[in-house]
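Assemble chain Z onto chain L, guided by the hints.
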Amino acid sequence: MSHALTRRSALLGGLGGAALFGLAACSSSATGSSSKTADSGSGDANALTITGFSGAFADQFQAEVIGPFQEANSGTKVTYTPATNSAELLAGLRTNTSKATYDLVIMDSSVSTTANSEGLFSKLDSSIVTSLGDLVDAAVIDEGYGPAITIDSLALIANPSVFDTLPDTWSALAGSTYKGQLALQIADTRGIALIAGLSKELGLDYKKSIDEQLAQMKKLAANAQTFAPQPNLYDAIRSGSVGAGVGWNARAQALHDESPKELIVQVPQGLGVAQISTINLVETSTKKDLAQKFVEFAISADSQQRMAEKAFYGSVNSTVKVSDTIDARTASTTGLLADDAPIDWAWIAPNYADWVQRIQREVIGG
Amino acid sequence: MTRTWRPPVAWGLLVPGLAVLLFAYAAPMLWVLRMAFNRFIGGGGIEITFTVDSFADVFTDPYYLRVAWTTVKLGLLVSVVTVIVAYPLSLFLVRTTSRFRGLLTILAIAPMLVSSVARTYGWMVVLGNQGLLNSVLKGLGLTDTPVQLANQFSGVVIALVQIFLPYAVLAMTSGFGRLDDTLEQAAASLGAGRITRFLRVTLPLTLPGVLTGLLLVFVLSISAYVTPRLIGGGRVFVLASEIYDQATNQLNWPLAAALSLVLVVVFGVAVTVFGLLQRRVERWVSGR
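From first to last, the protein sequence lines are chains L and Z.
Position one of the first sequence corresponds to residue 1 (full-length UniProt numbering), numbered consecutively onward.
Position one of the second sequence corresponds to residue 1 (full-length UniProt numbering), numbered consecutively onward.
In isolation and in its complexed conformation, chain L is listed as follows:
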């Protein structure tokens, strides 16, 4: 008896296998798409999906803004999906231009200006987002488009068991005291902000050239133990595996309150660099009214006050009044950024990739 398959049975078997594979692929694709678009694309008109930064910001934003919004709007369900970084969000928006995965996107202002110019975000309706008129100047990025939702500043951070005080300038990190003790995660927005900070300190204009700033940054880099602290800058400093670094003020302030013996933070006087995150309405969102209602809630005085007091973000709403103590610890125009000229993120946006590349090559790789 021959065990060889007939042509017919083999082809049938093969086609059957292919059909099974196809079914499995369709089924998994369907599952994937339904879970991804359950948000914006779902029939639930009261469901809103937002994406933005991960980590501490996500926790604070959900506690201080999303939670209260859902309480104030019973029946509304807001889902927050954390993303790795703004660039990843922009990439996601570009690949989903026909159907919105998210209704609102929170990202760096340097990236949102690009998304605005590509038509990925919509302008806001000032009759719904009435607080647009109360914004501080720095919070208006592209007229009519998503405004700033938080203002932060670049800051010096250290573990007090390694360094009990922090210097007054960015350049001081080049001192021999810091040899092998620094965590400099600078191949991203932090590096761009540090260029701006060094420009202020050295009296240079980053719009003309960044050569000298990079040369100075290279001196700091000589003291770096790592350019990619793990699991993140703040925990690496808290654990003492690195002594100091350059990070964001708001998160560091919150962590300082959590464990003052493990982390101290300081923005060099007059050398702060504002980092602005914007909240943006996705062009293809099917729930634009509800999304704008959320934007209004997020930039309202109440929400901004909570974000300032609990999470140490500078308020984008000019009507917010916080205590002097909080003001002195947040990146507000009356607090940490009082004497600082604003950084022009819209101008930097088209240069962002080139600058990061130069940092990678001339500072880290050099």
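Some hints could be false.
Chain L is faced by these chain Z residues, among others (derived, beta-carbon under 8 Å) [what the hints assert, rightly or not]:
| hint | residue |
| --- | --- |
| 1 | 45 |
| 2 | 129 |
| 3 | 178 |
Simulated pairs of lysine-lysine, DSSO-like, Cα-Cα distance not exceeding 27 Å [stated by the list, open to error]:
| hint | chain 1 | residue 1 | chain 2 | residue 2 |
| --- | --- | --- | --- | --- |
| 4 | Z | 138 | L | 179 |
| 5 | L | 310 | L | 99 |
| 6 | L | 99 | L | 293 |
| 7 | L | 261 | L | 123 |
| 8 | L | 288 | L | 77 |
| 9 | L | 261 | Z | 73 |
| 10 | L | 200 | L | 179 |
| 11 | L | 218 | Z | 73 |
| 12 | L | 207 | L | 218 |
None of these hints come from the bench; they were simulated from the model.
Source: prediction; values computed, not measured.
No residue lacks a Cβ here, since even glycine has one placed at the ideal position from N, Cα and C.
Below, chain Z alone, put in the same frame as chain L:
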């Protein structure tokens, strides 16, 4: 009698595999190929066109050539060290007549059950300034200042060798099929000492397995992303991490695509070179 025709049977059985390859490999690769010919414009924008700008960047910019060289160097170093470490272990597993042979084999490949991310974090704990290794060295009075292994190229090599060791063991044990005790016994009966027996009999017979192990670990090493990223401290630039940075941080998708194709070419060259070597070795071993 039922008429049989074998070639179409084989083709029919290939259909599911081909379908998977077509949808999961060929289509994305074509998309990457097309993307590589687009033009990157500032601010993350992409102009849909047909230009070789990205390839020109890759092949004329010393930085990318350096990254490519670092990647190949890492692959060569890791694969050679891994195979040297895995060789005696594989030889033992193939030769042992112990009833625990199965258990020993499982133990050798058990690390594969733990994610490489977890193992990488484990190595960070071991190699860090305040890690196990430095604590032991300090405790023994061998050093005052921490030995810098984490956040360095050397740390990446150490971690990758351990991570890919089970793969090398698996590839080599399955490639040691030609090993025949009677040949070594014959050599011994003819007066060959241990070293001569190893160099003239054992090593040549195990070379095909060694080459398979080398190829497998080399390919895995040059495409490694997590370990160079986490243990390299941001200063070890390899093609995989460069592709990620270009795609997600700098949003230069055409360049990321061009670099991806370079990596595919490196794969292709490696497979071809190892294939040729394997054929030569086979011919040499079989005396043809």
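Verification of the hints:
no., hint, in the structure
1, 45, "holds, 7 Å"
2, 129, "holds, 6 Å"
3, 178, "violated, 30 Å"
4, Z:138 / L:179, "holds, 20 Å"
5, L:310 / L:99, "violated, 35 Å"
6, L:99 / L:293, "holds, 21 Å"
7, L:261 / L:123, "violated, 45 Å"
8, L:288 / L:77, "holds, 15 Å"
9, L:261 / Z:73, "violated, 43 Å"
10, L:200 / L:179, "holds, 24 Å"
11, L:218 / Z:73, "holds, 26 Å"
12, L:207 / L:218, "holds, 20 Å"
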